[in-house]
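Q: Please build the complex by placing chains B, C, D, E, F, G, H, I and J on the supplied structure of chain A, with the hints as guidance.
There are 10 protein chains.
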Amino acid sequence: MLFHVRMNVNLPTSMPADEAAQLKQTEKEFSQRLQREGKWRHLWRIAGQYANVSLFDVDSVDELHALLTALPLFPYMQVEVMALCRHPSSIHEDDR
Amino acid sequence: MLFHVRMNVNLPTSMPADEAAQLKQTEKEFSQRLQREGKWRHLWRIAGQYANVSLFDVDSVDELHALLTALPLFPYMQVEVMALCRHPSSIHEDDR
Amino acid sequence: MLFHVRMNVNLPTSMPADEAAQLKQTEKEFSQRLQREGKWRHLWRIAGQYANVSLFDVDSVDELHALLTALPLFPYMQVEVMALCRHPSSIHEDDR
Amino acid sequence: MLFHVRMNVNLPTSMPADEAAQLKQTEKEFSQRLQREGKWRHLWRIAGQYANVSLFDVDSVDELHALLTALPLFPYMQVEVMALCRHPSSIHEDDR
Amino acid sequence: MLFHVRMNVNLPTSMPADEAAQLKQTEKEFSQRLQREGKWRHLWRIAGQYANVSLFDVDSVDELHALLTALPLFPYMQVEVMALCRHPSSIHEDDR
Amino acid sequence: MLFHVRMNVNLPTSMPADEAAQLKQTEKEFSQRLQREGKWRHLWRIAGQYANVSLFDVDSVDELHALLTALPLFPYMQVEVMALCRHPSSIHEDDR
Amino acid sequence: MLFHVRMNVNLPTSMPADEAAQLKQTEKEFSQRLQREGKWRHLWRIAGQYANVSLFDVDSVDELHALLTALPLFPYMQVEVMALCRHPSSIHEDDR
Amino acid sequence: MLFHVRMNVNLPTSMPADEAAQLKQTEKEFSQRLQREGKWRHLWRIAGQYANVSLFDVDSVDELHALLTALPLFPYMQVEVMALCRHPSSIHEDDR
Amino acid sequence: MLFHVRMNVNLPTSMPADEAAQLKQTEKEFSQRLQREGKWRHLWRIAGQYANVSLFDVDSVDELHALLTALPLFPYMQVEVMALCRHPSSIHEDDR
Amino acid sequence: MLFHVRMNVNLPTSMPADEAAQLKQTEKEFSQRLQREGKWRHLWRIAGQYANVSLFDVDSVDELHALLTALPLFPYMQVEVMALCRHPSSIHEDDR
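Residue numbers (UniProt numbering), protein chains in the order written: chain A, 1 to 96; chain B, 1 to 96; chain C, 1 to 96; chain D, 1 to 96; chain E, 1 to 96; chain F, 1 to 96; chain G, 1 to 96; chain H, 1 to 96; chain I, 1 to 96; chain J, 1 to 96.
These are calculated hints, taken from the structure and not from any lab test.
Please note: incorrect hints may appear among the correct ones.
Partial list, computed: chain D residues near chain E (C-beta under 10 Å) [claimed, not checked]: (1) S60; (2) L64; (3) V81.
Pair by pair, the computed Cβ-Cβ distance ranges are [claimed, not checked]: (4) E:D18 - F:P72: 51 to 59 Å; (5) A:F74 - G:P16: 56 to 64 Å; (6) G:D18 - C:P75: 31 to 39 Å; (7) J:A66 - B:E80: 19 to 27 Å; (8) H:R33 - A:E29: 54 to 62 Å; (9) I:Q25 - G:S14: 49 to 57 Å; (10) A:E93 - F:S14: 54 to 62 Å; (11) C:D59 - F:P72: 32 to 40 Å; (12) J:A66 - D:H92: 36 to 44 Å; (13) A:K24 - B:F74: 36 to 44 Å; (14) E:A17 - H:T69: 52 to 60 Å; (15) J:R36 - F:N8: 46 to 54 Å.
C-beta: ideal position from N, C-alpha, C; glycine also.
Looking at chain A on its own, in the form it has when it is part of the complex (with noise of 0.2 Å):
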């Protein structure tokens, strides 16, 4: 099941740069392991904005709520999520 995530970061300005940077490393090995797995389809940056529109295709909510709040940065995100289904117009198979 397909579900449209948008998550905006708001890291405290007063955070140590090395801290971040590796709190930004640390969720780019995780989110790119994800995507590996097919779990985080598909990832997109809002443009000008801390944030991203992501697609998740997993088995269940709870699988997705615990790939959400296992994510490094999820104390600092505020998270809407969406649940999609497939358009009757689509024509791609796969794309759900």
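A: The following block gives chains B, C, D, E, F, G, H, I and J in isolation, referenced to the frame of chain A:
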């Protein structure tokens, strides 16, 4: 370039059923042609709503606007466009 | 899987009374069938409004969307869906 | 009487980890006691958020307020209450 | 129990004047009966608007909903309900 | 004249407990004096929130402002004022 | 007492031109009479909108409400009232 | 030209009392000088809030911006500007 | 002086096609005359919407209002005006 | 391609004055270099706010995002991007 487009459709309940059906059929054919051409990369239905989330892949903003305003359902739509760009953590070369 | 659905109904005041009554009766029967099948787990009226809060228990987002858009009152509804999951502090095994 | 309660939790990121863990543990025990007493009928996590949707079954608004403000996490919560009543189409006698 | 109710009335400007007058008169009589019965404790006009703030004193949420939806103007109203309880600093025993 | 006032209180969680308790005690005494004088006609707690709905009965807007800004908790409040007037359907002579 | 009033006018585009002209003319005369009487102290157009910002100087909220609802355009207006009082830094004795 | 300006002031509660008092005194003197010069035509307090509604009479938008950003409290303000013009129904020649 | 104007157009879908075409043609000619006169400095379409962002260069707010309300499409527009001024970092002398 | 960008700046009031001055100076130099290169076509101050409206002329959304996130003040900014295209009524060939 990728643009995230959300379309909310509001057909008046007074519209005759066959007029609505004809309009939706034309919209579907138009949409599928754009999908085959690769301009309309993704098309998902938002659960519980007569609305969709779409990803357009176009050469310019002008092209995007021309495509959207040519949609048969455009006069009945509320459309929101969000410019996307490649996310540094994305592993998909072609997903921009 | 559980989904939290809020439905706001806006019947036009110009709709003839018997047409509205017929529509509501069909809606009621449809709703009660889904409740008996266990798909529509909870259904509560929001005080002072022609609106409800419902909990759907479905196998997929596609099934949820199919059920909601099949509602006789759907063309007159504003619907908001929120994906829910089991709360770690919940003591109800079956309440997901 | 049933009340729909949405709780959004905002723990400051500066709170020491063990203080947060202690607070959450106390909250969990408090919540589970209320669930066993039947006051807190349903408790669901909202996907992707540190937030929940709950259904309280209380004898009065005063009782509801007393329960909510006694929650250990209350000072860190944003709470929204919505009064519910039995829906005429509901088939569940006990679901009010 | 006390509930704070805000009612915004939107009569269509196309409604014939005598139909509107009749509707308002019926509403007034209904409202005054509820006031005499003590169910509708307070009723104030919001300055500059066709809207009111009311305090209802009812035995249950179901009773509140039944009263509100029985109002002759209900089909033309937007209604917001807020549950109130006794304030610990209030000196009025009967004001709950 | 009657004014509807909603007060939302936001005490910083870092405020020492005895300082908060002292502040609330002073607020309570101040509030009760105004109630006894008839200036603060009604005071209700909003369920689930550190907020209240109040009705003030004052001779002028200036008097209202002077009372509100003199509240010990005023620096921690968000206040919204709404001017009310007598409703033509009200049966309470003294309820303005 | 001074009240800040914002009026947004929405005449239906289907209203016959002469009916609209007549309505506006009556509104103008009514407004100018109130200005001459000193009740309507200021009247400004908001740039680019069929809307105004006005300052009313009345003896009570009831008087304000009576004046506003007597406006010929009132059925087509959205009105917002804000109570004002003398600013301690104002140098204008009469500007309240 | 007239501009409608709303200023909401948010002084941090942690600011020392004498620093706040000094700031407000400087603001008051600055404001009164502009009033005497005719630039700041009206200044009213919004009831129940640390906020004001002001009318500025300036020769250009640049002048308006220069005046507003020179206010001692500007760093603690949220400011909203609305361009006004003469209303065709206004009877005050000088009220623009 | 420069003003930033956003115009959203909402033509009723029931308007006859030739009436709409005529209206748009008149609007276009009017707009181009103002552009040639230098009053309407910039005019851009917002992607995906029947809306534009415009920059007007006028001598006064009154002139701005006169121009906007004279637009043939004005009765079908929602207009928002924002006063702009020269930015201290701008390198364009004439861009104000 | 043109993008409409609104930037709201929120420097913490606790930032030392010389650090803020240094940051603003770097921002100014960066901004003026982009203006000279033709990337940042327009830059206007919004009256009464520490905010600007800008027009960027870039080859891609990725370039836009790279420029915006490289701004020295970016960590203190709230940024909103809106894609623009040539308006059919525009008479300026180069204004896109």
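Q: Now look at each hint and say whether the structure bears it out.
A: Evaluated hints:
1. S60: S60 (chain D) check passes; min Cβ-Cβ to chain E is 6 Å, inside 10 Å.
2. L64: Holds, about 7 Å.
3. V81: holds (6 Å)
4. E:D18 - F:P72: 51 to 59 Å: Cβ of D18 (chain E) to Cβ of P72 (chain F): about 55 Å, so the range 51 to 59 Å holds.
5. A:F74 - G:P16: 56 to 64 Å: holds (60 Å)
6. G:D18 - C:P75: 31 to 39 Å: Taking Cβ atoms as reference, D18 (chain G) and P75 (chain C) lie about 38 Å apart, which means the hint holds.
7. J:A66 - B:E80: 19 to 27 Å: holds (24 Å)
8. H:R33 - A:E29: 54 to 62 Å: holds (60 Å)
9. I:Q25 - G:S14: 49 to 57 Å: This hint is violated: roughly 22 Å between Cβ atoms.
10. A:E93 - F:S14: 54 to 62 Å: holds (55 Å)
11. C:D59 - F:P72: 32 to 40 Å: violated (56 Å)
12. J:A66 - D:H92: 36 to 44 Å: violated (56 Å)
13. A:K24 - B:F74: 36 to 44 Å: Given about 40 Å between the Cβ atoms, the range holds.
14. E:A17 - H:T69: 52 to 60 Å: holds (53 Å)
15. J:R36 - F:N8: 46 to 54 Å: holds (49 Å)
Against the hints set out earlier in the document, violations occur for numbers 9, 11, 12.
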